[in-house]
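Listed here are the chains, written in short residue letters.
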Amino acid sequence: SQELEQSPQSLIVQEGKNLTINCTSSKTLYGLYWYKQKYGEGLIFLMMLQKGGEEKSHEKITAKLDEKKQQSSLHITASQPSHAGIYLCGADIYAGGTSYGKLTFGQGTILTVHP
Amino acid sequence: DGGITQSPKYLFRKEGQNVTLSCEQNLNHDAMYWYRQDPGQGLRLIYYSQIVNDFQKGDIAEGYSVSREKKESFPLTVTSAQKNPTAFYLCASSNTGFLGYTFGSGTRLTVV
Chain V
7 SQELEQSPQS LIVQEGKNLT INCTSSKTLY GLYWYKQKYG EGLIFLMMLQ KGGEEKSHEK
67 ITAKLDEKKQ QSSLHITASQ PSHAGIYLCG ADIYAGGTSY GKLTFGQGTI LTVHP
Chain C
931 DGGITQSPKY LFRKEGQNVT LSCEQNLNHD AMYWYRQDPG QGLRLIYYSQ IVNDFQKGDI
991 AEGYSVSREK KESFPLTVTS AQKNPTAFYL CASSNTGFLG YTFGSGTRLT VV
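Those protein sequence lines, which keep their order, are chains V and C.
The first sequence begins at 7 in this note's numbering and counts up by one.
The second sequence begins at 931 in this note's numbering and counts up by one.
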């Protein structure tokens, strides 16, 4: 099984609707990073979460990390066509007090927003 | 403007040939990474380097090789030993201790 599971694998919503993408790790995380990708392009860094219970927001996107630091959610409020793309979570797996210095990625969630 | 450049964007090669993908950054980042992306599988780590003249294997290093002779450059060679080389390859860089990577725009390699 995957070390990092994302759900759902794809999501189709109507413009204006809220949505949530989940990312679950089988191991404790040192940090959790969210990225967005347009098809055929590189990834753009969105946010990083490191502390248990931490929540960050940027424009209409909010990300949370649970207290146990094994699960994160990305929530988009009032979605717009510009939110469409692939969302990926990247996990910096806990290595006994420090980081391994590399990210393990989930499979990605393909988001389609219909006008 | 600082950034990370991958070239070429599209690459076609015949089966059995080695091919080298270029990755250059002018962000003064210490660490550089190569990932492979296949449909439905997210990104998988091939090799990474946290300092010049040193690099480590990732999860799928077999059939690939890298070098890190300069801080700015981290080329990836896809050898003929790689059984399924057709994929989208992404290079990234970061500062030590912060993994908010800066990604290149990717190279799509097709082996025929």
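Please note that the accuracy of each hint is not assured.
[What the hints assert, rightly or not] Calculated lysine to any residue pairs in the SDA-like style (CA-CA distance at most 25 Å, straight line): (1) 33(V) to 970(C); (2) 57(V) to 47(V); (3) 42(V) to 954(C); (4) 1013(C) to 932(C); (5) 1013(C) to 66(V); (6) 66(V) to 16(V).
The set of hints was computed from the structure by calculation and includes no laboratory data.
A quick look at each hint next to the structure:
1. 33(V) to 970(C): holds (22 Å)
2. 57(V) to 47(V): Violated: residue 57(V) and residue 47(V) sit about 30 Å apart, past 25 Å.
3. 42(V) to 954(C): It holds: about 22 Å lies between the C-alpha atoms, which stays within 25 Å.
4. 1013(C) to 932(C): Not OK: residue 1013(C) and residue 932(C) at ~35 Å, beyond 25 Å, violated.
5. 1013(C) to 66(V): Judged against 25 Å, a Cα distance of about 43 Å means the pair is violated.
6. 66(V) to 16(V): holds (20 Å)
Violated hints for the displayed structure, listed by number in ascending order: 2, 4 and 5.
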